[in-house]
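**Student:** So the protein lines, in turn, are chains A and B.
The numbers in our numbering rise by one with no breaks, and the one at position 307 of the first sequence is 307.
In short: position in the second sequence from 1, add 1000, done, that's our numbering.
It is possible that part of the hints are untrue.
Claimed, not checked - Here are the simulated BS3-like pairs of lysine-lysine, each with C-alpha atoms no more than 27 Å apart in a straight line:
hint : chain 1 : residue 1 : chain 2 : residue 2
1    : B       : K1201     : B       : K1161
2    : A       : K248      : B       : K1161
3    : A       : K263      : A       : K194
4    : A       : K68       : B       : K1161
5    : A       : K325      : A       : K295
6    : A       : K194      : A       : K248
7    : B       : K1128     : A       : K68
8    : A       : K291      : A       : K263
9    : B       : K1102     : A       : K112
10   : A       : K112      : A       : K248
Hints in this document: simulated from the structure, not taken from any laboratory.
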Amino acid sequence: MSAPAPSMYSNAAKAMAAQLGLTQGRANLEVFAETLQQLATQDSRLTAVTSDSRGSGKLGPYSQALPKQIVEVGIAEQNLVGIAAGLASVGKNVFAVSPACFLTARSFEQIKNDVAYSDNHVTLVGISAGVSYGALGTTHHSLHDFAALRAVNNMTIVAPADNFEAIESVKASAASNSPVYLRFGKAPLYDLPKHADFILGKARTIREGNDAAFIATGETVIHALLAAAHLEQSTGLQCRVISMPSIKPLDTAAILAAAAECKAVVTVEEHMVNGGLGEACAAVIAQSAFKPILKICGIPDEYTVTGSQADIFSHYGISMEGLAKTMQTILSV
Amino acid sequence: MQLTRKSLEYRRDTLRWIKHAGAGHTGGSLSCLDILNVLYNRILRVSPQTFTSSTRDRYVQSKGHSVEALFVVLAEQGYFHESELETLCQYQSHFVGHPTRKIPGVEQNTGALGHGLPICTGMAIGAKMDNADFRVFTLLGDGEIAEGSNWEAAMAASHYKLDNLTAIVDCNTLQISGRTSDVMNNEPLAEKFEAFGWAVKTVDGHDLTALTEALEKPLVLGKPSAIIARTTKGKGVSFMEDVGKWHHGVPNDDEYARALAEINTALAALKEDSL
Chain A
1 MSAPAPSMYS NAAKAMAAQL GLTQGRANLE VFAETLQQLA TQDSRLTAVT SDSRGSGKLG
61 PYSQALPKQI VEVGIAEQNL VGIAAGLASV GKNVFAVSPA CFLTARSFEQ IKNDVAYSDN
121 HVTLVGISAG VSYGALGTTH HSLHDFAALR AVNNMTIVAP ADNFEAIESV KASAASNSPV
181 YLRFGKAPLY DLPKHADFIL GKARTIREGN DAAFIATGET VIHALLAAAH LEQSTGLQCR
241 VISMPSIKPL DTAAILAAAA ECKAVVTVEE HMVNGGLGEA CAAVIAQSAF KPILKICGIP
301 DEYTVTGSQA DIFSHYGISM EGLAKTMQTI LSV
Chain B
1001 MQLTRKSLEY RRDTLRWIKH AGAGHTGGSL SCLDILNVLY NRILRVSPQT FTSSTRDRYV
1061 QSKGHSVEAL FVVLAEQGYF HESELETLCQ YQSHFVGHPT RKIPGVEQNT GALGHGLPIC
1121 TGMAIGAKMD NADFRVFTLL GDGEIAEGSN WEAAMAASHY KLDNLTAIVD CNTLQISGRT
1181 SDVMNNEPLA EKFEAFGWAV KTVDGHDLTA LTEALEKPLV LGKPSAIIAR TTKGKGVSFM
1241 EDVGKWHHGV PNDDEYARAL AEINTALAAL KEDSL
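Only chain A is shown next, with the shape it has when bound in the complex (with noise of 0.2 Å):
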């Protein structure tokens, strides 16, 4: 177990988590591997399915302890997703695990049509998602995963917020008989201080407040809380915070009561502003009859700054300060 990257967090800001009681998990990727190993234990039909992925998907436990319970299928994403759509269809419950930068963009088509079209209950495993992959660039960022899955029909997407979240995704997509998408990072995260209420689909509430929302998803959502926490401090602003770990079906009835009950709405996400949860929170928001300020806050439609995944959440104003800044901002406060 690592801390946090140093510079994930200001030191503001892990002041702020030890005032907030927060504790330190570990990578949502580490937890995913375990959990499916449980649950590999439990279900003969469970099969993960790797492209030369099971190291960086911490899976080298699992198939030690499992070795009929893989398929490795090399360097080829396209073949992952077919085979795994095939297993699938003839019974096993079948997690493919890849680096979400190719498992969404290089086997879209086999996403599309293998898995959701035929309807084939397979876990698609993006593993080291958003910027987790830092300074290896645009080739392994995965920021357009959310906007290109969500065009996809019979397709649930879930980014899970920390370890709590992260268990409970692998449970409810082993248990679901249709499509799913999970999305992980590697880097170690604090653990938000609810532990209830997972559903897919639903919204959680993190932190109330009815002057401004936070709406966030992945591991942006504890920037999310810090910054809430920061902001009722220093300005007494009482803001909500929504994990939203499904980004599809969407919890719609949770963005409505927000943006009806709160000034402001600021949409937090690892994903390209483009067609991700802020524009999806949009789109509710606009067909309604509730008008909030509304921000998205994401990676803008550029390639990213070289960076770890601190350096570019930090660069973009995903943090305690910038989120808070931003709120501040659009408020006038």
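Once you have looked at the hints, place chain B on chain A.
**Tutor:** Below, chain B alone, put in the same frame as chain A:
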């Protein structure tokens, strides 16, 4: 019923439904019908009654555009009544212009090329994992061979020694823009599959006896089987044979009448002792 009679009747019905729908992939349907005939009447251990059985043989039509041939055979096999094909490609019909699982008897939704072999590779791996003895078959077009995903699957099928997997290539030598050898040459195709570790047999894709012998069991234990079926696009209608425009040409009234006349003449000429 005689297999030769079935081949002629399948051709007659395929033309009928393409004419009725006003759309279809005529040439490729006619080139693969003898293969489907042998598969469904001699090889596949599957029926409308056993289609939900986990131990059924699987057939995935990777060249999904030849869907009319598949629908005609499935109707004849009793998966649904042939009158349902009256809605083929019509507004709100379940009979889409490519295979979908909405239709009884269809294993997987296909239509984008290069998908059937990877899916079937997964099915065959699953069968091996479970020590299940069902076989898995897929039908590819020769133009489709250009899709790289086929070769990813070919490598994996050999790696996993999937002798329960058979890929049949409908080599009618024509694709939508012309001769396959001109568009993107795939020859020597048998040698390519051999180099990937497959057992390969080249047959006349309209010879029902040769097809049966090639398909009745895996060619070699421990290897996936590739059947290179040499076929004629538009087979069975003289003016459609080996003519590129019939890839998705729909006969006009006169052409339809002439085509039916040819098939009916062949039906009348069938001898009792033919296969």
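**Student:** Each of the hints needs a verdict: does it hold here or not?
**Tutor:** Each hint, compared with the structure:
no. : hint                : verdict
1   : B:K1201 <-> B:K1161 : holds (17 Å)
2   : A:K248 <-> B:K1161  : violated (39 Å)
3   : A:K263 <-> A:K194   : holds (25 Å)
4   : A:K68 <-> B:K1161   : holds (16 Å)
5   : A:K325 <-> A:K295   : holds (12 Å)
6   : A:K194 <-> A:K248   : holds (22 Å)
7   : B:K1128 <-> A:K68   : holds (11 Å)
8   : A:K291 <-> A:K263   : holds (8 Å)
9   : B:K1102 <-> A:K112  : holds (17 Å)
10  : A:K112 <-> A:K248   : holds (15 Å)
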